[in-house]
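Please work from the sequences and hints to get the whole structure.
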Amino acid sequence: MMAYIFFALAGIALISGVLVVFQTHPLRSALWLIVNFFAVAGIYLLAHAEFIAAIQIIVYAGAIMVLFLFVIMLLNLRQPEEEAARPWFGQKLAGITLAALVAFILVYGFSKAEVPLAKAAPPGLGNTESIARLLFTDYLLPFEVTSVLLLVAIVGAVVLAKSKLK
Amino acid sequence: MNLPVLIALSAIKILIVLVVLLTLVAYTVLMERKVLGFIQLRYGPNRVGPWGLLQPLADLVKLLFKEDFTPPMVNKVLFVMAPIITAVTAFLPFAVIPFAKDMFPPQITIYGQTFDLTAAGLNQGVIADINVGLLYVFAMGSLAVYGAVLGGWASNSKYSLLGGLRLSAQMVSYELALGLSVIGVLMLAGSLSLVKIVEAQKDMWFIVYQPLGFVLFLTAAFAECARTPFDLIECENELVAGYQTEYSSMKWALFMMGEYAHIIVASALITTLFLGGWQGPILPPVVWFMGKTFALVFCFIWVRGTFPRFRFDQLMYLGWKVMLPLALLNIMVTGAVMLLI
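Residue numbers (this note's numbering), protein chains in the order written: chain E, 1 to 166; chain A, 167 to 507.
None of these hints come from the bench; they were simulated from the model. Mixed in with the good hints there might be a few duds.
[To be verified] Using 20 Å as the maximum straight-line C-alpha spacing, the simulated SDA-like pairs for lysine to any residue come out as follows: (1) A:K232 x A:D268; (2) A:K368 x A:D268; (3) A:K487 x E:A161; (4) A:K487 x E:L151; (5) A:K324 x E:I72; (6) A:K487 x E:A157; (7) E:K92 x E:Q23; (8) A:K368 x A:R393; (9) A:K487 x E:L150; (10) A:K242 x E:M73; (11) A:K487 x E:V155; (12) A:K487 x E:V159; (13) A:K324 x A:E404; (14) A:K242 x E:A161; (15) A:K242 x E:W32; (16) A:K324 x E:V71.
[Stated by the list, open to error] To list a few chain E residues with every Cβ distance to chain A over 12 Å, as calculated: (17) A53; (18) I57; (19) L140.
For glycine and all other residues, C-beta sits at the position ideal for the given N, C-alpha and C.
This is the structure we're talking about:
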């Protein structure tokens with residue numbers, strides 16, 4: 001039963017992922033990306049990672065993609081009028097070669113890799129509690145450094161926006 | 167209990183809750199018209215049935231038989247999808263809100279067969295007690311914005327698009343304040359499950375320990391429901407009706423149902439988080455829950471009848487520069503007090 005659900009969700013995730021790339025209109029790409037996020041959230045649920053699934057929907061589908069849509073709607077109100085310029089033969093060749101190379105490296109790398117199983121959470125703790133415990137003990141430094149990184153990004157965005165106004 | 171019976175019984179339970187919720191939505195519309203009439207010194211609907219009590223039925227028949235007009239230049243798929251998204255995401259959060267202690271007795275006998283309802287928590291007064299219940303509610307709330315944004319974009323009309331854009335900016339801004347203002351409650355309850363949060367308020371409602379959190383959450387909930395004074399997305403004098411401008415008949419009705427379901431769900435959530443949920447003496451739990459929820463629904467209508475609308479820059483100022491710092495302060499003070507005690 002679980003395996004069927006997993007393959008259904010994985011299929012949706014793959015198909016929607018491909019559709020994201022092959023849409024001509026950026027808004028449709030964004031919508032297929034949302035479908036993809038839902039499928040991935042479903043896979044998290046199957047792995048009993050309810051917290052990650054909920055955060056995936058709140059943060060990615062609910063906040064980041066709304067900002068994406070906001071920007072797409074502001075910048076690109078109509079369907080694109082002209083066809084995109086056709087790529088040169090050299091560009092095509094380079095693109096296909098690079099893609100094949102990346103695919104080879106990924107497949108080869110993962111076929112050799114041994115992924116260790118994660119440790120089971122201590123009994124009696126839900127996964128929200130276990131994540132919180134890990135964040136504030138073992139991973140405290142990376143957690144705090146991430147907040148500094150985000151602060152730098154915010155300051156950078158404000159400086160860029162303000163310098164244009166003057 | 168075998169799986170098909172379990173599924174059937176769960177479906178019956180969900181159906182009961184959904185039908186009650188839909189009826190409440192219809193009567194909230196009537197309640198709003200009555201209360202607004204009272205505030206503005208007029209009667210409100212009083213022609214259909216005694217005190218206008220059958221008005222929702224008349225409205226429903228009217229909406230069903232109206233012409234369902236789709237303007238020619240719209241994006242058809244998204245134009246149809248948008249009202250469905252709004253209505254569905256508005257109803258789904260109710261799945262995790264506990265409305266009573268028990269809904270059914272632990273065992274029932276149908277046609278001589280006895281079913282043990284404690285199997286999947288079927289007798290509990292909540293459809294699904296999941297351990298990330300509050301996050302689930304927020305996830306559904308954050309998805310609600312797509313209905314309006316996609317509806318506004320698909321309508322291919324300037325007023326609709328502006329309404330949709332305003333809503334997306336407003337929702338993203340106030341979601342932060344909404345999320346941060348409940349952290350205090352979570353610290354007190356020590357759980358994200360709404361059932362556990364209600365149980366933690368057995369002795370004292372959380373509004374007593376979290377007055378600032380309550381005010382912030384209430385304000386952010388008004389903004390998330392896009393109600394007055396935050397209803398810039400459909401302010402008539404600027405945008406006709408915002409993202410709903412091009413909609414008619416049942417598609418428009420789905421938007422309206424979504425709006426009123428949002429009000430009920432927001433009130434039910436505030437009741438659960440701050441006012442002790444179904445807890446209360448003497449009267450049965452479901453009565454307490456309904457009473458508290460509809461007292462808050464009344465507040466929503468009261469505010470609509472008495473407050474003017476914000477300007478958009480005032481809305482952003484309030485969200486980012488007032489409510490967000492206050493919510494952070496609330497978390498720090500709550501944490502400090504909990505460490506000291």
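Original post:
Of the hints given before, which are not true for this structure?
Top reply: 1, 8, 14, 17, 18
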